[in-house]
Amino acid sequence: MPLDYKIAERSLANGLRVIVSEDHSVPNVTVNLWVNVGSRHEVEGRTGFAHLFEHLMFQGSRNVASGEHFSALMEAGGRLNATTWFDRTNYFETVPRGAMDLALWMEADRHGHLLDAVNQENLDNQRDVVKEEKRQRYDNVPYGNALIDVYAAVFPKDHPYHHATIGSMEDLDAASVEDVHEFFRSYYGPNNTVLTLVGDLTPDEGFASAERYFGPLPATATTPRGPVARLTALSEPVRQEHVEDVPSDRLYIAFRLPVDETTAFFASSLAMDIIGGLATSRLYQRLVRREQIANSVSAHAMGFVDGVSLGFMAIDVADGCKADAVEAATCEELARFAADGPTEIELESAMAQTERGWLSSLASQEERADHICHYATLQGDPGGINTYLDRLGEVTVAEVQEAAATWLTPRSRVVVAYLKQDGAAQ
Amino acid sequence: MTQQQGETQQQSELERPEVSPPEPWSFPEAQRSVLPNGLNVVSYDIPGQYVISVRLAVPMPLDREPRDREGIATIMARTLDEGTARHTAEEFAELLERKGIALGAGVSESGLVVDLDVSKRHLSEALDLLSQAVREPTFPANEVSRHVKTRLAEIDQERAVPGPRAAMEFIATYFDADERASRPTAGSKATVPAITPQDLVAFHAANVVPSGATLVVAGDLSDLDVVSEIEGALGAWSGAAADVVEPRQAACAVDAARIVFLDRPGSVQTELYIGCPGPDRSVEGGWAAYQVLGFVVGGSPGARLDAVLREEKGFTYGIRSGFRPRRRGGMFLTSGSVRADSTVEALGLLLDILDKARDGFTDEETQAGVDFIGKTAPGRFATADTVAEEAAGLALEGLTTAFTTANLLALADVDAASLTTSYDRYVSGEWTVVIVGDASLYAEGVRELGRGEVTVLPA
Numbered sequence: 001m002p003l004d005y006k007i008a009e010r011s012l013a014n015g016l017r018v019i020v021s022e023d024h025s026v027p028n029v030t031v032n033l034w035v036n037v038g039s040r041h042e043v044e045g046r047t048g049f050a051h052l053f054e055h056l057m058f059q060g061s062r063n064v065a066s067g068e069h070f071s072a073l074m075e076a077g078g079r080l081n082a083t084t085w086f087d088r089t090n091y092f093e094t095v096p097r098g099a100m101d102l103a104l105w106m107e108a109d110r111h112g113h114l115l116d117a118v119n120q121e122n123l124d125n126q127r128d129v130v131k132e133e134k135r136q137r138y139d140n141v142p143y144g145n146a147l148i149d150v151y152a153a154v155f156p157k158d159h160p161y162h163h164a165t166i167g168s169m170e171d172l173d174a175a176s177v178e179d180v181h182e183f184f185r186s187y188y189g190p191n192n193t194v195l196t197l198v199g200d201l202t203p204d205e206g207f208a209s210a211e212r213y214f215g216p217l218p219a220t221a222t223t224p225r226g227p228v229a230r231l232t233a234l235s236e237p238v239r240q241e242h243v244e245d246v247p248s249d250r251l252y253i254a255f256r257l258p259v260d261e262t263t264a265f266f267a268s269s270l271a272m273d274i275i276g277g278l279a280t281s282r283l284y285q286r287l288v289r290r291e292q293i294a295n296s297v298s299a300h301a302m303g304f305v306d307g308v309s310l311g312f313m314a315i316d317v318a319d320g321c322k323a324d325a326v327e328a329a330t331c332e333e334l335a336r337f338a339a340d341g342p343t344e345i346e347l348e349s350a351m352a353q354t355e356r357g358w359l360s361s362l363a364s365q366e367e368r369a370d371h372i373c374h375y376a377t378l379q380g381d382p383g384g385i386n387t388y389l390d391r392l393g394e395v396t397v398a399e400v401q402e403a404a405a406t407w408l409t410p411r412s413r414v415v416v417a418y419l420k421q422d423g424a425a426q
Numbered sequence: 001m002t003q004q005q006g007e008t009q010q011q012s013e014l015e016r017p018e019v020s021p022p023e024p025w026s027f028p029e030a031q032r033s034v035l036p037n038g039l040n041v042v043s044y045d046i047p048g049q050y051v052i053s054v055r056l057a058v059p060m061p062l063d064r065e066p067r068d069r070e071g072i073a074t075i076m077a078r079t080l081d082e083g084t085a086r087h088t089a090e091e092f093a094e095l096l097e098r099k100g101i102a103l104g105a106g107v108s109e110s111g112l113v114v115d116l117d118v119s120k121r122h123l124s125e126a127l128d129l130l131s132q133a134v135r136e137p138t139f140p141a142n143e144v145s146r147h148v149k150t151r152l153a154e155i156d157q158e159r160a161v162p163g164p165r166a167a168m169e170f171i172a173t174y175f176d177a178d179e180r181a182s183r184p185t186a187g188s189k190a191t192v193p194a195i196t197p198q199d200l201v202a203f204h205a206a207n208v209v210p211s212g213a214t215l216v217v218a219g220d221l222s223d224l225d226v227v228s229e230i231e232g233a234l235g236a237w238s239g240a241a242a243d244v245v246e247p248r249q250a251a252c253a254v255d256a257a258r259i260v261f262l263d264r265p266g267s268v269q270t271e272l273y274i275g276c277p278g279p280d281r282s283v284e285g286g287w288a289a290y291q292v293l294g295f296v297v298g299g300s301p302g303a304r305l306d307a308v309l310r311e312e313k314g315f316t317y318g319i320r321s322g323f324r325p326r327r328r329g330g331m332f333l334t335s336g337s338v339r340a341d342s343t344v345e346a347l348g349l350l351l352d353i354l355d356k357a358r359d360g361f362t363d364e365e366t367q368a369g370v371d372f373i374g375k376t377a378p379g380r381f382a383t384a385d386t387v388a389e390e391a392a393g394l395a396l397e398g399l400t401t402a403f404t405t406a407n408l409l410a411l412a413d414v415d416a417a418s419l420t421t422s423y424d425r426y427v428s429g430e431w432t433v434v435i436v437g438d439a440s441l442y443a444e445g446v447r448e449l450g451r452g453e454v455t456v457l458p459a
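As they're listed, the protein sequences go chains R and E. Start counting the first sequence at 1; every next residue gets the next number (my numbering). Start counting the second sequence at 1; every next residue gets the next number (my numbering).
Mixed in with the good hints, there may be bad ones.
Claimed, not checked - Quick list of in silico lysine-lysine cross-link-like pairs, DSSO-like style, CA-CA up to 30 Å:
id, chain 1, residue 1, chain 2, residue 2
1, E, Lys149, R, Lys322
2, R, Lys322, E, Lys356
3, R, Lys322, R, Lys420
4, E, Lys149, E, Lys189
5, E, Lys149, R, Lys420
6, E, Lys313, E, Lys356
As the list claims (entries may be wrong) - A few chain R positions that, by computed beta-carbon distances, are all more than 12 Å from chain E:
id, residue
7, Arg10
8, Glu178
9, Leu234
10, Glu348
11, Met351
12, Thr409
Honestly, the hints are just simulated from the structure, not real lab data. C-beta atoms are modelled at their ideal positions from N, C-alpha and C, and glycine is treated no differently.
With the hints as extra help, turn the sequences into a complete structure.
See below:
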C-alpha cells in the first residue's frame, strides 16, 4: 500500500519545478533545491569543480554578503548546508515558517545572481577550504582513498563516474573564475532546478512564494545532455593492491549494478544486502561469525542515473588471517548465491530492513524534502517517495537470483585491497 | 558580519523579506509511570512518526568496571543479543531482521543505553526481543571471544585515525591517571583480552537491573497501550538494585595544562585538540549560556574560530568548539584539522581567539547564538529518535526532558554580560593541547609559540 505523504507540484514559466509537501507537525519549513549537475558532468582537467562551485554559493551573491547565507539563516533559527554528489548538487535549509520567505529570497539571489559576487579572492579561499576537506576526509586517514580507487577501477576512463566528486588537487588548482562563470551559465538556472518545500505551509502558499522569488529569474541553463549509454557487468575480474600503513587488511569488492530505479537495480540492491549487508547476511554468517576470518562486512548499493550504478562491500580481515582466504570465501558465496538465489526468509529480511530505513528517513522533514527532490529531478516523479516500497516489494526471489547471476559474480568483481605494510597477513 | 540593508544596491526585483517571529513550540509532552519492578516508563506520542524509537537507559557508572577488566560494559553491550536463553546468536539476528528491527547498545560514562527502532506494526515483537536481550543474555564463549578480538582491532583502527587518536591522548593527559575517565570507555589492549563470559554474566547480573532504569518510547503511539505493552515485555524483569553512589567530578592531572605532540610522520594535516574544564548541566547561572557559547565560539562557519581559520585563512575545513557536560563537571573542547604547514600559525590563532573571548562577547553575536539554539529546537526535536535520545541521555544524568524545556526558556535570560561571566568562570587561559601531526617539521615551532611545555610522543 503506498504511503500518503502529500505531494503538490507546479512548474513556473521559467521551468522551475516546485513541489510542496504540506505537514503541520512542526512550525518549520524545509527548503530544498536540487540542481541537476554533479561530478558526472565535469570535464577532464576540472574534476572536483561541481563541489568547489557549491562552496562558492555561500560566498555571497548580488544582494547577499559573503558568509551571510549561513549567518542570516542561522540566527533566524535555520539549519542549513549543501552537498555535491555524482548525479546532483543540493542546497537546503530548515527554518521557522516565518523565515521561509527570507530563505527563498536568499536562494533565488544566489541561484540567479551568484556571479555578481564571485571573485579571485573567494575562489582562492574556498579552493583552500575544499583542499582541506579532501585532506581531512581522504588523504590523511587510512583507507581514505579506497572509494576513489574503486570508482576508477569499476568505471572506464572518461565515464561520468570514473572520478570521485572531490576531484584531484591538480584540477582544483586549475579552476579559474572564468570556469565558475561558464559552469554557472551552463548548469544553474530555474530550468535545471527543482525546489521542494516541506512543512508548515499549504501548496498555494508555497507556489506563491516560489513564484514571487524565483519567478523573475530567466531560464538560463543550457539543455542538459541525456544519460550516457548503459554499461554491462565487467567480464573479467580487476584487482588492485595497495600496501600501505593501514591498521589491518581491508578488501573492497565492487561491482557495476544496473541503473537506479529499475527492477534489476532493486533486485541487485536486495542481493547486496543479503550477501553482505544484513546481520544475517551470507558473508557475515560465514566470515565473521563462523570462520572468524573477518571482523566486519558491510555492503552498499549506490543508485546512479548515467547508465550504471555501483555496489561494493568492505571487509575487514581479522588479525592473523589472510586476505586471500577471505576473498576466496567471498567468491564462493557470490557464486553460490548467483546459482541458488535468496531464501524467502532472506528476501523478507532485506525488505523489512529496507522498509524501516526508508520510513526512518522520511520521518524528518529535511530528508523527506531531499527524497522528493531526488525523485523529481532524476526520475521525473516526486510521488516516487510514496510508491518506492511497493515497487521494491514486487521484486521476486527469481529476480534477485537473476540480478546476482548477471551483476554479482566473482568474474565481474573489482577488488581493491589495502594490505598492511609489515606483511603480517602475507 | 551581517550586511546592512540600507547599503545594499537594490538591483533585484524584490526587497529582502522580514522574518516574522516563530510560532510557539514546546518539547513533546511526556507520559510517565513506574512499573512495580522499579522501571521508569516515559512515552512521547508524536503523531506521524511511524518508526517507533525505544531507548532503555540503565545507569551504570563506568567506574563500576573492575580496573583489570575495563571495557567490560562495552563488550556486554555488544553481546546482549549474541545468544540468549531461548535463541542462538544467529537465530536472534534472524528474528530481528525479519521484522526490520534495529537493535543496538552502547555505553557512556553514565550508563548503558539499548536502542531499538522498529516500524509501529512490529513494536510488540520488538519489545519482546529487547526484553530477551536485556534479561536473558547467555554470553556464549565463542561470541565473547569474537567481540574481544573485534574490539582489539578497533583499537588499532582508532589509533590510526587522527581525530580519535587525539581524543584518546587528550583524556590521558587531561584527567588524573587514577580516574576511569582518563582511559578509553571501551577498554584497552591491557584489559579487554582478560574479559571472560563469567565476568560478563556477573557484571550483567549486578548492573542491568530494572530499578532506576528508564524505558523511553517515542513515536506515533495512537491506538497503542504503551504501558501495558512494556509491562508485558519487561514487567517480569527483576534484579537487586545496584548501590547508588553519588557521582563525583573526575580530577584533572596536576600537569594537565601542557602540550602533547603525537608524531605522525608524513601527515598532510595536523589534528588539534584543545580543552579545559567546563561545567555540567547544573551549573550556577544555567546551562543555556554554555550552549550559546559553543555556537558563538565554534559552532558555525561564521563563529569566531572559523571566521578566521576557515573563511579568512583557508587553513581548515572547519574547527568546532563546545562545552561537553559530564555527570559532574565537564570540559570545554575545541578540535579540528588544519593544513600541515599552517600548524604553528593555526594553533597560535586558535589559542589567541579562545583566550581573547574572555574579554567579552557582543550583543549581536550573543543574540545570534540565543536565536540559533532556541529557534532550531522544534526541528532538532521533530523526530521520534531525537526525542527518545534526548530523554534517555538525560535519564542517565538523573534528569528528565523538563530540563530541556526549562533550558530553552532560560535562553531568554542569556545576554552578552552573562555569556562573558559564564565563559570566564571556566576558561582561565590554561589549556591541555594535543597535536597529531608531523613533529619533525612542526614541534619546534610549537615550542617557540611559548604556550606551554611540549612533549613529543609517537602516535
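A quick look at each hint next to the structure:
Using a Cα cut-off of 30 Å, the hinted pair E:Lys149 and R:Lys322 holds, with the two alpha carbons roughly 16 Å apart. Restraint check for R:Lys322 and E:Lys356: the C-alpha separation of about 54 Å exceeds 30 Å, so the hint is violated. At roughly 11 Å between alpha-carbon atoms, R:Lys322 and R:Lys420 fall within 30 Å of each other, so this suggested pair holds. About 10 Å separates the Cα atoms of E:Lys149 and E:Lys189, which keeps this hinted pair within 30 Å; it holds.
For the hint pairing E:Lys149 with R:Lys420, the CA-to-CA distance comes to about 18 Å; that is within 30 Å, so the pair holds. Pair hint E:Lys313 plus E:Lys356 holds up; C-alpha atoms about 18 Å apart against a cutoff of 30 Å. Remark: the non-interface label on R:Arg10 is consistent with the geometry, its nearest Cβ contact in chain E lying 20 Å away (cut-off 12 Å). The claim that R:Glu178 lies off the interface holds: its Cβ sits roughly 21 Å from the closest Cβ of chain E, which is beyond the 12 Å cut-off.
The Cβ of R:Leu234 sits about 30 Å from the closest Cβ of chain E, beyond the 12 Å cut-off, so the non-interface label holds. Listed as outside the interface, R:Glu348 is inconsistent with that label: its C-beta sits roughly 6 Å from the nearest C-beta of chain E, within the 12 Å cut-off. At roughly 8 Å, the least C-beta separation between R:Met351 and chain E is not larger than 12 Å, which violates its mark as non-interface. Chain E leaves R:Thr409 outside its interface by the beta-carbon criterion, the shortest separation being 25 Å against a cut-off of 12 Å.
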